[in-house]
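If you're matching them up, the sequences are chains A and B in order.
Under numbering that gives the first Met the number 0, the first residue of the first sequence carries the number 0, and numbering increases by one thereafter.
Under numbering that gives the first Met the number 0, the first residue of the second sequence carries the number 0, and numbering increases by one thereafter.
Derived from the structure by calculation, the hints contain no laboratory data.
Don't take every hint at face value.
Below are the EDC-like pairs computed for lysine to aspartate or glutamate, each with C-alpha atoms no more than 20 Å apart in a straight line [claimed, not checked]: (1) Lys72/A with Asp274/B; (2) Lys20/A with Glu340/A; (3) Lys152/A with Glu296/B; (4) Lys59/B with Glu260/B; (5) Lys59/B with Glu255/B; (6) Lys279/A with Asp82/B; (7) Lys279/B with Asp82/A; (8) Lys252/A with Asp292/B; (9) Lys301/A with Glu209/B; (10) Lys152/A with Asp300/B; (11) Lys70/B with Asp274/A; (12) Lys72/B with Asp274/A; (13) Lys152/A with Asp310/B; (14) Lys152/B with Asp300/A.
Protein chains: 2
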Amino acid sequence: MKDTYVQAETLKRFIIEVLLKVSVREDVAEYVAEGLMQTSLRGVDSHGIRLLPHYLEAVKKGRINPNPNYKFKKTSPSTGTFDADHTFGHAAGMEAAKKAVQLAKKAGTGHIAVYNSSHFGAAAYYALEIAKHDMIGMSFTNTDALVKSFGGKRSFLGNNPICFAAPCEGEEPFCLDMATSILTFNKIRQLADEGQEAPTGVGANSEGIETTNPEDITMLLPISGYKGYGLSMMIEILCSMLTGMPYGPHIPKMFEAPMSEKRYLGHFISAMRLDCFQNKESFKKRLSRMMHDLRNEPPLDKNISVQVAGDPEKKFARERVKKGIPLKRRTLEIFLNIGREYNVRLLERFSMKGK
Amino acid sequence: MKDTYVQAETLKRFIIEVLLKVSVREDVAEYVAEGLMQTSLRGVDSHGIRLLPHYLEAVKKGRINPNPNYKFKKTSPSTGTFDADHTFGHAAGMEAAKKAVQLAKKAGTGHIAVYNSSHFGAAAYYALEIAKHDMIGMSFTNTDALVKSFGGKRSFLGNNPICFAAPCEGEEPFCLDMATSILTFNKIRQLADEGQEAPTGVGANSEGIETTNPEDITMLLPISGYKGYGLSMMIEILCSMLTGMPYGPHIPKMFEAPMSEKRYLGHFISAMRLDCFQNKESFKKRLSRMMHDLRNEPPLDKNISVQVAGDPEKKFARERVKKGIPLKRRTLEIFLNIGREYNVRLLERFSMKGK
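Take the sequences, apply the hints, and build the full model.
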């Protein structure tokens, strides 16, 4: 079955209208739709528009607050705390990114600890927003316990991601956005669906024993053992200890917890002005040069060029800006059903194109 | 042959006196000796006192400036740049850590880009200094090209380390200090000396092909492929692009470059006050609690408890504070020779103890 391609703006408008129908405030809906659309444009389908039904459920059942009362407190020239009042992580993260940029304009850098938040999707959305202002952007979130502790039998920490974006010349910013597990559960589930083995060393069963049977994998393994587990803990310190939010096993699970239960997630967002360290034009020029140099390194396989972090996402975005975002048949059906339920038309908005 | 144990303070005094004899300024010598001693106390022998002969050579041949003229420039309330004038990285890093703390006291956070520096040893020295002030400390450095690029045939970036330290209650700070390669070259050389195979997936030969023969390994592999390679690039952006220093292949090599050649390394040092985000006592209590919880997770091997980052170093430090730092016969000989050359007595300072 061929995928159906829908223009990104069409999907964004659809998502906004549906969110408005479940009483999500307009500014919040805008952030959520933009975040999901941008993430799907960049090819990160696991964290993109396919999550819409999950979020709708979360609003309807009470997990996510559609009409938050934010509380921002500036705690020093370069720091602040942000109470997201249990709204969408997308709105919380983007509000915090903007506060971080504001602080950095005066103080050189800005750092915001976000609390009472929920799933914020792809971390790149926030770091890339900051990079638009000629600043280095960093974004972190904690997640529920998914990753087997190094040397332990159980999961404790999540696959807490780290994201770092830096502006460069002549192309979209450098952007590293990585989870601290080797693979994600979405990938494991995909392998199970396809009847394939998982690679060695990526997952463990409920006894904590490594297995390549994707059906048996209940825990992810951290990148490079104790190193990934240590990075995940660093991120937990930023997102739980600095925000006052629960940690690891105390965080309600995204899918397993009742949808009425709030997540109590924390994020940490940083912005650092380039021009506090270097002439910003020469910084951007040099970074582009380094990326160019790396891409021109002799490749191991002569048919596959060396890439830098973010290159696959840039390639997806170039294609999908033109062609639209591909919806699998199942996703298209779900979206059409949502459209019928909320009386928001999707079908007339896009031109159906086979893959 | 048994190791000889020497008290840490004895070694530190010895190192200071030797450095003074080659005209290293007193404040610089103090930082270097303290850094080397603390690193060896924490069991990180690769980056500790054993590097003394290398540094002496670097001072004598002109690579390292023993009498630097620092230039610090505050560029915003929370940022600054620091010209280390090619002195020891230990002195540069520690001066920068203190500047970061000073900035953070007023502005909430402090971030220093250090340029014209040299090898700074273990990154933990600087982050731990910051953590003493109830702040989160982070320290980064770039290194010369050591790590095979993901998908490439050659090395381009170094195994650039990331260090993160956070204060906690009742014990030394949480401290993650990790290189972005799986193993270090020191470890590979040790395996070669012992006639052992290297693990799979840690090194490649000069053609970029993975090998387990430690004699053939000329390049290290990044942790978890593109993820470690991406992290290394993030650190290169902080330490080269933000500092104006050369990157990757343009950085003179630590051992292979002439000892008269300056290294032009960059570091990046950050401090963030805990109390700008949380009550600092409750932060420290909660962090200790999380570490305690993790250590009490059911272990995979019932005889080996789960550890958190920094636990092995804390164990070494507890032992070595009492017993002294072990010198292998070869290192002891080198130290005794240095003592004779510079007329600084080491032997009378310590009580010889067999292991």
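Hinted pair, alpha-carbon criterion (20 Å max): Lys152/A, Glu296/B. Please report holds or violated.
Holds, at roughly 8 Å.
Between the alpha carbons of Lys72/B and Asp274/A, is the straight-line distance 20 Å or under?
holds, 13 Å
If you draw a straight line from the CA of Lys152/A to the CA of Asp300/B, is it 20 Å or shorter?
holds, 9 Å
Holds or violated: Lys301/A and Glu209/B, Cα atoms, limit 20 Å.
holds, 17 Å
Can the restraint linking Lys252/A and Asp292/B be considered satisfied, given a maximum Cα separation of 20 Å?
holds, 19 Å
Are the Cα atoms of Lys279/A and Asp82/B separated by 20 Å or less?
holds, 19 Å
Has the given pair, Lys70/B with Asp274/A, been kept, meaning a C-alpha gap of at most 20 Å?
Satisfied, since the Cα-Cα distance of roughly 18 Å is no more than 20 Å.
20 Å Cα cutoff - pair Lys59/B, Glu255/B:
holds, 17 Å
Verify the proposed pairing of Lys152/A with Asp310/B, using a straight-line Cα cut of 20 Å.
Holds - the C-alpha atoms of Asp310/B and Lys152/A are around 19 Å apart, at most 20 Å.
Between the alpha carbons of Lys279/B and Asp82/A, is the straight-line distance 20 Å or under?
Holds: Lys279/B and Asp82/A sit about 19 Å apart, inside 20 Å.
Keeping to a limit of 20 Å between CA atoms, is the pair of Lys59/B and Glu260/B held or broken?
holds, 12 Å
So if I understand the rule, the pair passes when the alpha-carbon distance is 20 Å or less; does Lys20/A with Glu340/A pass?
At roughly 10 Å apart (the allowed maximum being 20 Å), Glu340/A and Lys20/A satisfy the hint.
Hint check: no violations occur; every hint is consistent with the structure.
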